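Chemist: From first to last, the protein sequence lines stand for chains A and B.
Using our numbering, read the first sequence as starting at 1 and increasing by one per residue.
Using our numbering, read the second sequence as starting at 1001 and increasing by one per residue.
Just to be clear, a hint being listed does not mean it is correct.
What the hints assert, rightly or not - Here's a subset of chain B near chain A, in silico, CB distances under 10 Å, partners left out:
1) Val1008
2) Asp1013
3) Arg1020
4) Pro1025
5) Tyr1038
6) Leu1043
7) Gly1045
8) Thr1087
9) Pro1088
10) Ala1115
11) Thr1119
12) Asp1134
13) Val1136
Worth flagging that the hints you see were computed from the coordinates, not collected in a lab.
The structure displayed is predicted, hence computed values, not measured ones.
We put the CB at the ideal spot given by N, CA and C, even for glycine.
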Amino acid sequence: MPSTDPLDATFAALADPTRRAILARLATGDASVTELAAPFEMSQPAISKHLKVLERAGLISRSRDAQRRPRRLEPQPLAEVTEWLEGYRRFWERRYERLDALLEEMKSTTRAKSRRRRAPRPSSKGTQR
Amino acid sequence: MSTGTLKVTTPTDRDIAMTRVFDAPRALVFDALTRPEYLKRWLLGPDGWALTTCEVDLRPGGAIRYVWEHRDGRSMGMRGVYREVVTPERTVATEQFDDPWYEGEAVATNTLIEARGQTTLTMLVRYDSKAIRDAVLKSGMERGVEVSCDRLADLLKTSGVVLRKA
Chain A
1 MPSTDPLDAT
11 FAALADPTRR
21 AILARLATGD
31 ASVTELAAPF
41 EMSQPAISKH
51 LKVLERAGLI
61 SRSRDAQRRP
71 RRLEPQPLAE
81 VTEWLEGYRR
91 FWERRYERLD
101 ALLEEMKSTT
111 RAKSRRRRAP
121 RPSSKGTQR
Chain B
1001 MSTGTLKVTT
1011 PTDRDIAMTR
1021 VFDAPRALVF
1031 DALTRPEYLK
1041 RWLLGPDGWA
1051 LTTCEVDLRP
1061 GGAIRYVWEH
1071 RDGRSMGMRG
1081 VYREVVTPER
1091 TVATEQFDDP
1101 WYEGEAVATN
1111 TLIEARGQTT
1121 LTMLVRYDSK
1131 AIRDAVLKSG
1141 MERGVEVSCD
1151 RLADLLKTSG
1161 VVLRKA
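All chains should be modelled from the sequences, with the hints used to inform the complete structure.
Modeler: Okay, here's the thing in structure tokens:
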């Protein structure tokens, strides 16, 4: 589905594990194409293709250093995606915290039932003849 | 893995996956996920929304009906149909809102794995398209939060990145 939403471009760019690894590397500091290619078993042109996708999504930029043209991480689009995931996570976490409390209650009910089953009934002996 | 940490990931363009460990055996977690008397206790909406109608016909082809109601009178309904029921390991069910805020229907798969008395629950929801999946994620967004390196680190973790030193 064609879309002009810049956040869609961010998600598309993040859908690839190599590109996510490149971003993780850039989170530790700027790096040149050669440096970025080093940990991958990939040619520099293949890495350059990934870098272009990341650049189009606004996730990275080139700094002015004319010699190495190191890539730099641009945090804004990532932060927006993080907000989505974080908001969604918080919504479900609140539900699951209530589920935790319910499960504790269910566990103690189950324990109480099995204790009652195991324990001899005080009246049973008296009724035997 | 410790309990209480909810992980949200996007394994493909159309999916949202959530993984959470609960300190309870699988049979109890399965009951809590499939029996109305338990669902009403925890499957609430945002603040002020209660799950007032909850009907679950737990068998393949069986119907699911949820209605949440807000104190101010608004309501929101969802219906679905079970495609698979494997007690207490797995359920697959469709879900669709009455007043659809996203197109089409989603398919939710719950998988429960028990180890040492704890249960890992994975809920994978697959939407009809990437655009719909993204809209669902956006619905949980809270604006106006400062950009920070911590949040970036969280995202990278959430996206499943293993950081290797170059």
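Chemist: Now tell me if each hint is right for this structure.
Modeler: Status of each hint after checking the structure:
no. : hint    : in the structure
1   : Val1008 : holds, 4 Å
2   : Asp1013 : holds, 6 Å
3   : Arg1020 : holds, 5 Å
4   : Pro1025 : holds, 8 Å
5   : Tyr1038 : holds, 6 Å
6   : Leu1043 : holds, 6 Å
7   : Gly1045 : holds, 9 Å
8   : Thr1087 : violated, 16 Å
9   : Pro1088 : violated, 13 Å
10  : Ala1115 : violated, 16 Å
11  : Thr1119 : holds, 9 Å
12  : Asp1134 : holds, 6 Å
13  : Val1136 : holds, 8 Å
The structure is inconsistent with the numbered hints 8, 9, 10, although it conforms to all the rest.
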